[in-house]
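Residue numbers (our numbering), protein chains in the order written: chain U, 1 to 419; chain A, 420 to 736.
Derived by calculation from the structure, the hints in this document are not laboratory data.
All C-beta atoms, glycine included, are put in the ideal place defined by N, C-alpha and C.
Treat the hints with care, as some may be off.
[Said to hold, decoys possible] So these bits of chain U aren't anywhere near chain A, every CB distance computed over 12 angstroms: (1) Glu78; (2) Ala117; (3) Ile310; (4) Cys346; (5) His385.
[As the list claims (entries may be wrong)] Residues from chain U that keep clear of chain A, each with C-beta distances beyond 12 angstroms, as calculated: (6) Lys25; (7) Lys48; (8) Pro77; (9) Thr85; (10) Pro125; (11) Leu152; (12) Asn153; (13) Arg204; (14) Leu230; (15) Asp295; (16) Pro317; (17) Arg338; (18) Lys352; (19) Ala381; (20) Ala386; (21) Ala415.
[As the list claims (entries may be wrong)] 30 angstroms max Cα-Cα, derived BS3-like pairs, lysine-lysine: (22) Lys279/U to Lys572/A; (23) Lys329/U to Lys690/A; (24) Lys663/A to Lys335/U; (25) Lys572/A to Lys347/U; (26) Lys402/U to Lys466/A; (27) Lys728/A to Lys352/U; (28) Lys335/U to Lys572/A; (29) Lys572/A to Lys410/U; (30) Lys329/U to Lys728/A; (31) Lys572/A to Lys326/U; (32) Lys222/U to Lys728/A; (33) Lys326/U to Lys690/A.
Below are the chains, spelled out letter by letter.
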Amino acid sequence: MLPRILAAGLLFALTAQPATALGSKKIYELNQERVFQIRVLNRETGEKSSIGSGFIVGDGSQVATNYHVIGQIIQEPELFYISYTSSDGGEGELELLGLDVARDLALLGASEVIGTATKMSDLPPRGAPIYAMGNPLDLGLSIAVGTNGGILNQTDDSRILFSGSLNPGMSGGPTFNENGEVIGINVATARNDISFIVPSRFLRELIERAVRQPLDSDIDLKAEVSKQLLAYESGYIDQLLEADWPSVDLRKFRLPGVISPTVRCWDNSAKLGAIVLYKRYQIRCANKNHVYLDDANKFVGKLVYDYFWIETEELNPIQFYNLYEKFNKDQIESKLDRDVVSNYNCKTWFIKVSSQEMKSNLCRREYVEYEGMSDVLFTAALTGHARQGFFITLIMTGVDFKSTLPLIQKFLEHAEWKP
Amino acid sequence: MEALILEIGTRGLHRYAPIEGETTTIGRALDNDIILSDPAVAAHHLKIIRGEDSLQVVNLAEVNPTQVEQRDLDLLLDQGKPLNLQLGHTRAQLLRRNSKVAQTRPLVGNSSGNRLFGNSIWTALLVTTVLIFGALEFYLNAYTSFNWSDLFKYVLRETVLSLGAFLIALSVLERLLVNRWEVRQLLTSICLVYLLYYLLNIGSDGMVYLVSASWPSTVTLLAWYLGILPGAVTLYLIHISHLKRKQSLLLALMIAGPIALPALLQNGELKALLDDFSTVARYQNSLSVSNWHLSSTISIEDFINNAGKLDQGEFAD
């Protein structure tokens, strides 16, 4: 009986193996004509301004790549155009068919069928080998081998962790499973074999949308980018508002904790020596939803909230408030130029928050070229306590200003003073 | 024959030479009636010839000829008195001997209004007060630790040295301007200015929190550097150094200007006036232990309603 069971088990194990586990050599051979170098070229000089990778999808005339690879087209569509170059030297011009700015995807189209489309598949199990193809550093087509680290929920499910090495120029290239099916699109790297892939399901959605609602040739691309990002950010804020927020205690305040899986919190308290006459505790929470906007603006979609508590038994109230005031300042970290954003407009209010008075400031600044998009900074500092201080800082970038107000309201209503 | 006198401008107090004979010669040579030790003056530079009812002024210098009322003197002139002369570097005025003189200025410390400046006890008291303010400043900013040695070092570095530097610089300047040392009066004045500055800053900080706006600090800064500081220096120069009003004002602006300019350029609000763009969110971060403010405290809901009306940021040109 036992030999039969073992034989049946062996047979099952053999048949359960993927029928076509190809390996990197075979995947490279099968796809080398489907993966291109994508170039953004200057019409005046004829030279490439930026490069990336792309691959054939859909009906064979469509090419997928990253939004950030062709971002210059959005900025200056009259000056730049997109072309592809295949490994056998073939090349041609591509037009923009669709964008998913939030997921950093772009769908391009050739005037005719240029090859056989790659097949797409869902993500293999964690730890399974995956293969990223692209044109690193303009050195020619290559394949990087690594493993699937799974979907990163701290990036709003829009990134797969790839334990392989992506290099500049590979952005927009396909990532294959062992069967040679596309499971994602190369997008970014944090170096040291930590790279990120966009899951193929977002590409499938983009292709479907592009077929259903193709971009008008005379569309204002910046307005489209702005519309997509604002919709994405509003959806993100709605998710935050709908969620039940866990609490975190910081001395006498109970506060919103990790309000979303996209958020990570860290203790940022100062390591103080024995001679210090005060104590300070700080919690800093931030999301990882860094959405590429353009070369000048780089990334938006940031959500940062910071809690800062300070107290003393040894300093007198005047000393303490001198110190407290010095800590009560923050600013949005991105130093964007006047061509990109407006000045901040700030206003001050005194608010009652859970029986305590807080001096609050709300600031906003607008993006010059992306209508309706703002950076928002909110601060609120505890007043009326001689030897205790506390403040909240909340920063959001690339959002619709009014959509942030319910979030600020929920933050304040969640805060609870525990005497 | 009209009695005349030549007022020769020098640093500090002027020199006076009576014009007594019929002919008076002026120059660098030792055989002149009036000798000017100015290397730009000719050996025999000018001759003044007096008649019963006339006056002739004759230029003798080929190099740097005499100027009268800022014009080269060719031959002779009698344009009434006083007559402003320029001989080389030296300025002189030909005056009638019976010209009126200005009212006598009381010595510092003699009149009721300026007794403070002539009294050593007052000066010592003011210096002590400034040192106490310096120590207090250190104490109120000693957040991490406090020890007496650090306090002494701070007061020495921030208060004593800066007081000393101002005292030396301004004393030397005063010596050059009026050829006198008035160290005690100067020290008193510097201490008063210091104390006024401390008090204004305290008041300004309180106002900033009271009105929840930064304009009080900007107004104070402008008032200080464009009004109070040059005004205090002007008053000192008029009443202590006994300079003329216009001269005092000009000198005050020259002294206060180099101090004011960097301080004004560093101010965020004024920077914003000069440059219409800033990457910094200039919000009201002041906090006060007294917690006196004019704004009422509102509910979260009211705040959100008001916040919705916050205007967009202004776009720079």
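Hints, one by one, checked against the model:
1. Glu78: Its Cβ never comes within 12 angstroms of chain A, the nearest being 23 angstroms, so this holds.
2. Ala117: holds (45 angstroms)
3. Ile310: violated (10 angstroms)
4. Cys346: For cysteine 346/U, whose nearest Cβ neighbour in chain A is about 4 angstroms away, the distance does not exceed 12 angstroms, so it is violated.
5. His385: Since the minimum Cβ distance to chain A is about 9 angstroms, histidine 385/U lies within 12 angstroms and the statement is violated.
6. Lys25: Since the minimum Cβ distance to chain A is about 51 angstroms, lysine 25/U lies beyond 12 angstroms and the statement holds.
7. Lys48: At roughly 32 angstroms from the nearest Cβ of chain A, lysine 48/U sits farther out than 12 angstroms, so the non-interface label holds.
8. Pro77: At about 23 angstroms from chain A, proline 77/U clears the 12 angstroms cut-off, so the statement holds.
9. Thr85: holds (40 angstroms)
10. Pro125: holds (46 angstroms)
11. Leu152: holds (31 angstroms)
12. Asn153: Holds, since 30 angstroms exceeds 12 angstroms.
13. Arg204: Non-interface label stands for arginine 204/U: nearest chain A Cβ at 38 angstroms, farther than 12 angstroms.
14. Leu230: The assertion about leucine 230/U holds, with a minimum of 15 angstroms to chain A.
15. Asp295: The claim stands: aspartate 295/U keeps its Cβ more than 12 angstroms from every Cβ of chain A (closest is about 18 angstroms).
16. Pro317: violated (4 angstroms)
17. Arg338: Per Cβ check, arginine 338/U is inside 12 angstroms of chain A; nearest 4 angstroms; violated.
18. Lys352: Incorrect as stated: the minimum Cβ-Cβ distance to chain A is 5 angstroms, not above 12 angstroms.
19. Ala381: violated (6 angstroms)
20. Ala386: violated (6 angstroms)
21. Ala415: Since the minimum Cβ distance to chain A is about 9 angstroms, alanine 415/U lies within 12 angstroms and the statement is violated.
22. Lys279/U to Lys572/A: With Cα atoms ~26 angstroms apart, lysine 279/U and lysine 572/A stay inside 30 angstroms; holds.
23. Lys329/U to Lys690/A: Since the Cα atoms of lysine 329/U and lysine 690/A sit roughly 19 angstroms apart, the hinted pair holds (cutoff 30 angstroms).
24. Lys663/A to Lys335/U: It is violated: about 52 angstroms lies between the C-alpha atoms, which goes past 30 angstroms.
25. Lys572/A to Lys347/U: violated (41 angstroms)
26. Lys402/U to Lys466/A: Judged against 30 angstroms, a Cα distance of about 88 angstroms means the pair is violated.
27. Lys728/A to Lys352/U: holds (19 angstroms)
28. Lys335/U to Lys572/A: violated (38 angstroms)
29. Lys572/A to Lys410/U: violated (50 angstroms)
30. Lys329/U to Lys728/A: holds (24 angstroms)
31. Lys572/A to Lys326/U: Holds, at about 23 angstroms.
32. Lys222/U to Lys728/A: The given pair, whose Cα atoms are some 26 angstroms apart, holds under the 30 angstroms limit.
33. Lys326/U to Lys690/A: The given pair, whose Cα atoms are some 21 angstroms apart, holds under the 30 angstroms limit.
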